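Respectively, the protein sequence lines represent chains A and B.
Its first residue numbered 1, the first sequence is counted upward by one per residue in the numbering used here.
Its first residue numbered 1, the second sequence is counted upward by one per residue in the numbering used here.
Hints in this document: simulated from the structure, not taken from any laboratory.
Keep in mind that a hint or two might mislead.
[Claimed, not checked] In silico DSS-like cross-links for lysine-lysine, where the CA-CA straight-line distance does not exceed 25 Å:
#1 Lys166(A) <-> Lys340(B)
#2 Lys309(B) <-> Lys340(B)
#3 Lys175(B) <-> Lys213(B)
#4 Lys70(B) <-> Lys109(B)
#5 Lys70(B) <-> Lys166(A)
#6 Lys337(B) <-> Lys306(B)
[What the hints assert, rightly or not] What follows is a set of in silico ranges between Cβ atoms, one per label pair, in the way DEER data are often shown:
#7 Ile223(A) <-> Asn102(B): 53 to 63 Å
#8 Asn102(B) <-> Leu235(A): 53 to 63 Å
#9 Lys143(A) <-> Asn122(B): 50 to 60 Å
#10 Leu65(A) <-> Asn122(B): 28 to 38 Å
#11 Lys143(A) <-> Lys314(B): 48 to 58 Å
#12 Phe165(A) <-> Asn122(B): 20 to 30 Å
#13 Phe165(A) <-> Glu205(B): 49 to 59 Å
Everything numeric in this text was worked out from a predicted model, so none of it was measured.
Just so it is clear, CB atoms sit at the ideal spot from N, CA and C, and this is done for glycine as well.
Each chain, written out:
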Amino acid sequence: MRAGISSVLRVLVALILIILLWYAIYYVNPFPLFPQPHNVLYALIDLVLNYDFLSQLAVSLYRVLVGFSLGIILGLGIGLAVLLSRLLRDIVYPIIAFIAVTPSFAFIPLLMLWVGLNDFLPITVVTICTGFPLAYALISSSKSINPDIIDVALTLGANRRVLVFKVILPLALTHIASMLKLEAGHSWRLVFVTEYLAVSNGLGYLMMKAYSMIRVDEIIALIVILGALALALQLIVEKVETLIMSRWGMLRRDIWG
Amino acid sequence: MTTVDLVNVSNYILKNVTLHVPSGSIHVVIGPNGAGKTTLLKVIAGLTWYRGSVRFNGESVDKLPPWRRKIGYLPQTTALFPHMTVLENVVFGLRNAGLSFNDSVIIAKHYLELLGIYELRNRYPLTLSGGEQRKVALARALAIRPRILLLDEPFTGIHYDYRVQIANTIRKINKDEGLTVIIVTHDLDEALEIGSNFTILMNGEIMYSGNLKGLLKAINKYLHYINVFECTIKEYLIDAGLARVNCHGLELIVPIEYEELRSYNRVLVTIPADRVILYQTEKCYPRINCVRGKVTRVESWSNNLKLVKVVTDKINVNVITNYEVLTSDVVVKLPIKNLKVYIID
């Protein structure tokens, strides 16, 4: 509890310092495109109280969650299929590796043409850009499992299916979790960029609108909201990970603590 | 009751290994690190590739994958499944064999109770001590009622109590059910404590295979990091827990266990070469277990260490030391607490 309070205190201190610095810069060098913190706060409150904003937020949130969930299903599906079949591994693995390491934004123009400028575009982008890195992580993490564990499972009569579902998949979870945390933040980024470029609703669209009306206070307010949302999704994934790991006694102490 | 035969087995370490393990024996494979001991176990379990043939009861199992060989395997890392409870770990193999959950739990309970760890059944492996983990891994290997039990350094790095309990369980199952057990270790004391047959493996080759009597000569010839002397008991010093023995004319004082205070005659006395103390002087005080000799050879051992061969007029002693050896006239001391005694007859 003590640690909790002191960490909240630390964040508060950092926040106050940033705001003070912000005011200082404003008073030293006033500039029309540089709003004061309280202007941003007003814009933030304005946004949050606005029905239009909330419906746009719901649209973006829906896209992120559906895309992210479908991506997890796709990634686990492909990963498991590859682990279960040696033939698939030889054929599909290089393709997965290639897609996983390609910068995900590069797929957006292609998908804009193939999927069209509609609701499915951001969902497809997130699904693909979550699914393939996840499959890649799952397959490669199976190689970092203690080989003795695989050996013992084999002597205990495990066939390939039992080995994959009861041993490799649960142990790979620890590797996958850290990747999913990154992907959670990343899917917000992808949805945002897609909306900004191609779709006429969602938070990205609001940002576009704020930009065209040169509402800098609103732009900063949107940045704050987006950051908070990405952080929240990341924390949820982390919470799930911690829950599983502490049950198995695998939780390591934070070395910086 | 299964005999194990390896016929001309070769792979990336092993060179033409031919080995016969009689059914119901506790066969110990001794050798230094990197000799291919673990690989030998993996060949028997079918976990690595090899040329040649492995036979159980005379029948070739080369075509059988590991999950058909019915092997109980305990690797050095124990390799418990960290995401399963102790009970789930033990039940794993039984469920794979097609047993119902309830039947599996009954069998698992039997083996966990045998090792005295039934109360740990709902814990996760990483929350257990090293010795407890070793016991769980043994229970898991035994629960599938294997034809052969393969143990990789089962006693290394765990507390004495656990060592004794694990050794007793292995002996009991071996005796009651005639289970063939193959243990690999680099520790001679462990080997002598539990083994009935012995094999010395070095650089992938079998140097010796047979019973305790021939082992002595083979050890002196090949395993330079251990000293073994064949001695006869002269006198028991009961109150001190010691005995006076004669090893090829050299008088030694050795520790002896209370229950061993019977009229045994011949014993093996062992001491690891790195526990022998080398003095580069001519005097030796106190004179117990001290003998003068000449250095015949100095070889380099791992990490700055040197293997010094000392010849006295009665016995040969190998010493591992990190000191420079400057003179050829030296004194070696065999500290009582580092000597171990094994009864031959």
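Tested hints:
A distance of roughly 46 Å separates the Cα atoms of Lys166(A) and Lys340(B); the hinted pair therefore is violated under the 25 Å criterion. Between the alpha carbons of Lys309(B) and Lys340(B) the distance comes to roughly 20 Å, so the proposed pair stays at or under 25 Å and holds. Annotation: proposed proximity of Lys175(B) to Lys213(B) holds, straight-line Cα distance about 22 Å (limit 25 Å). The straight-line distance between the Cα atoms of Lys70(B) and Lys109(B) is roughly 20 Å, inside the 25 Å bound, and the hint therefore holds.
For the given pair, Lys70(B) sits about 20 Å from Lys166(A) by alpha-carbon distance, which is consistent with the 25 Å threshold. For the suggested pair Lys337(B) and Lys306(B), the alpha carbons sit about 23 Å apart, so the restraint of at most 25 Å is met. Between Ile223(A) and Asn102(B), the C-beta spacing of about 58 Å keeps the proposed range 53 to 63 Å intact. Taking the beta carbon of each, Asn102(B) and Leu235(A) are about 41 Å apart, not inside 53 to 63 Å as hinted.
A hinted range of 50 to 60 Å for the beta carbons of Lys143(A) and Asn122(B) is inconsistent with their spacing of about 31 Å. Leu65(A) and Asn122(B) have their C-beta atoms about 35 Å apart, which keeps the hinted 28 to 38 Å range intact. The supplied range of 48 to 58 Å is met by Lys143(A) and Lys314(B), whose beta-carbon atoms lie about 57 Å from each other. Between Phe165(A) and Asn122(B) the beta carbons are some 22 Å apart, a value that agrees with the proposed interval 20 to 30 Å.
A beta carbon spacing of about 42 Å between Phe165(A) and Glu205(B) contradicts the range 49 to 59 Å that was offered as a hint.
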